[in-house]
Amino acid sequence: MSDQSRIRLESVTKRWGETAAVDGISFDVTPGQFVILLGPSGCGKSTTLRMIAGLEEASDGRIHIGDRDVTRLPPGDRGLSMVFQSYALFPHLSVANNIVFGLRSRKVPKAEQRERLAKVAELVDLTDYLNRKPAQLSGGQRQRVALARSVISEHPICLMDEPLSNLDARLRSDMRREIKALQSRLSMTVIYVTHDQVEAMSMGDRVILMQHGQIVQDGSPDELYNRPASAFAASFIGSPAMNLLPLVAGEQGATVEGETSVSVAPLEAAGGQLGIRPEDIELHPASAAGVPATVLSDEYLGADTIAHVTVGGHTVRVRMSGKHALAGQPCCLSWARENAHLFDASSLRRDDLTPNTLPSAPHAVPRPPAVGSFQY
Amino acid sequence: MAEMTSHRRMQLYGALLLLPAAVLLATFAYLPTITTVFNSLFLPGFRGAPTEFVGIENYQVLFDDPTFWQVARNNLLYALGTIPTSIALALGMALFVNGKLPGRGFVRMAYFTPTILPMIAAANIWMFFYAPQIGLFNSLLGTLGIPGVNWLGDPSVALGSVIVMSVWKEAGFFMIFYLAALQGLPPELKEASDLEGTSRWSFFWRVTFPLLMPTTLFVLINALINSMRVVDHLFILTKGGPNNATNLLLYYVYENAFSFFDRTTAATITVVILFVLAVVATLKFTILDRRTHYQ
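Those sequence lines, one after another, are chains A and B. Start counting the first sequence at 1; every next residue gets the next number (UniProt numbering). Start counting the second sequence at 1; every next residue gets the next number (UniProt numbering).
These are computed hints drawn from the structure, not numbers from a lab. Treat the hints with care, since some could be wrong.
[As the list claims (entries may be wrong)] Chain A is faced by these chain B residues, among others (derived, beta-carbon under 7 Å):
#, residue
1, E57
2, E188
3, L189
4, E191
5, A192
6, L195
7, E196
8, T198
9, V207
10, P210
11, L211
12, P214
13, H293
Note that the Cβ used here is the ideal one computed from N, Cα and C, for glycine as well.
Generate the whole structure from the sequences, applying the supplied hints.
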């Protein structure tokens, strides 16, 4: 794989007047990587993508593609293609003309255009629709036209700006697989913007999580899930989100605020937060050892049940496989030490402390194997 | 049976809703049209004699009248002079003020000002521009040492002067339609084509212009109708002179009807105008509509 598709950002900043939409971010994308820019709306992920594309000019910092500094180059000279959220198809042109639009701009010979069109149409399964107008296509087909348009350019880099957000849930999961397959087949370098953590986890080789124009965590989906760098990262990844409980100083150690009978972490953790994923919590009868709690309600989702449990006035979600009707019952909670995460007062992860091992009784309720947290 | 009556009632309801518009249209558009066609087939009786049906004789007389052909030719030149120029200018101005530009609102307003001015006022302003001795144009030419032109008095330039004023007056109006249409174009289209290195020129001809076709068609029809109904400019500027050099069809109708009191000729010319307009509009809609993309 050539080094031409390596993308490097050096403290890139975008300011609109006083506010910085993107605040000095740096990362390095190696060729062939599928990188996700993930974050809530307004976090600067789309602006970052548009600066890489050249549609927005960086206020500060440098952008390199391959060995070229492209910071001030116009979009057409950067050697990349882009798929827009709205697809940006030309409504008056047929599917075929939409796909070869860029080739005509670049004065590719007619015969070669036809050849490449046939190949790409085959690849994205649009051969029967080449004479239609975009208005005569379904959402998924339009999405494919947009993909075809970026694939046919044969640029090694493809930027995608929330390409699936206009599709319905089922189509979205099909397209996720299709895009991922296309990317690995053509060994493209992809930077993909989304606010959907399911897309991020299932498609990305690497996820860059952003908040307020800054990078919160940059790592593999596995790292983001298992070692969230901050309380924000913890709450953004996973569905339902990780439970975060404030910790206060107790007699023997830090306890959950409002539930001082069991210490859950060393004393130094007080003032911070304890995070446990709903799927990592075990629910036991009230007689067992653990953190006492009461089940408020349960939500049956088919494969599993989400129980809403109150601990010292804080609501905790617990995920159990199968169907359970537990509403109103007292219970107690426990979790394995390696599944509990500690965050300090400024909500950053702390690895200097290990959470306490809970006096977990032999499993009183036989627990079915944990279910994965992501619906593929 | 009950279903039938409710269906009938809905029909009646619909008809009643249409009635006010239908009455207005019939009174002020269809009836006058029919009367005009009718009038053009008769000769008025003098001194109490009854009107006489003459069939198409009025048309034959009209087509033998060299003044009519001069006026028709003037009107064709006027249409050819104003329509493409004002549309091209309108599109150019719209593209200009749609871009990023300091004082954009001010420029837009400046372009639109001629449209707000009443025709009579605008024509009076241009009278001052065109006046032979004290006029703006001749004063400017004079400072450069070029002898002035009698803009409205010279038969070879008078029609051109009227055309220039009409373009000035109309382009701003058409610009508003183009500006609205341009603002309706999704900005991603421009971005998508920028990413492919498409030049501005190429983007305009391959994307912007085709997507503006519905507007162009609308503006074209309006411009055509406007070019056929010029009375007020001529009334102020030239009165159709010198020697009919700037006389246009509707002003000729006006002259026939209210200066020469020849209602029959006026009616005959009106029918000819209506016929030409109908034919051109039909051609435009059938030919251009097929090649126009509506979103």
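For each hint, the structure was consulted:
no.: 1; hint: E57; verdict: violated (51 Å)
no.: 2; hint: E188; verdict: holds (4 Å)
no.: 3; hint: L189; verdict: holds (6 Å)
no.: 4; hint: E191; verdict: holds (5 Å)
no.: 5; hint: A192; verdict: holds (4 Å)
no.: 6; hint: L195; verdict: holds (5 Å)
no.: 7; hint: E196; verdict: holds (3 Å)
no.: 8; hint: T198; verdict: holds (4 Å)
no.: 9; hint: V207; verdict: holds (6 Å)
no.: 10; hint: P210; verdict: holds (5 Å)
no.: 11; hint: L211; verdict: holds (6 Å)
no.: 12; hint: P214; verdict: violated (10 Å)
no.: 13; hint: H293; verdict: holds (4 Å)
Checked against the numbered hints given earlier, this structure breaks hints 1, 12; the rest are met.
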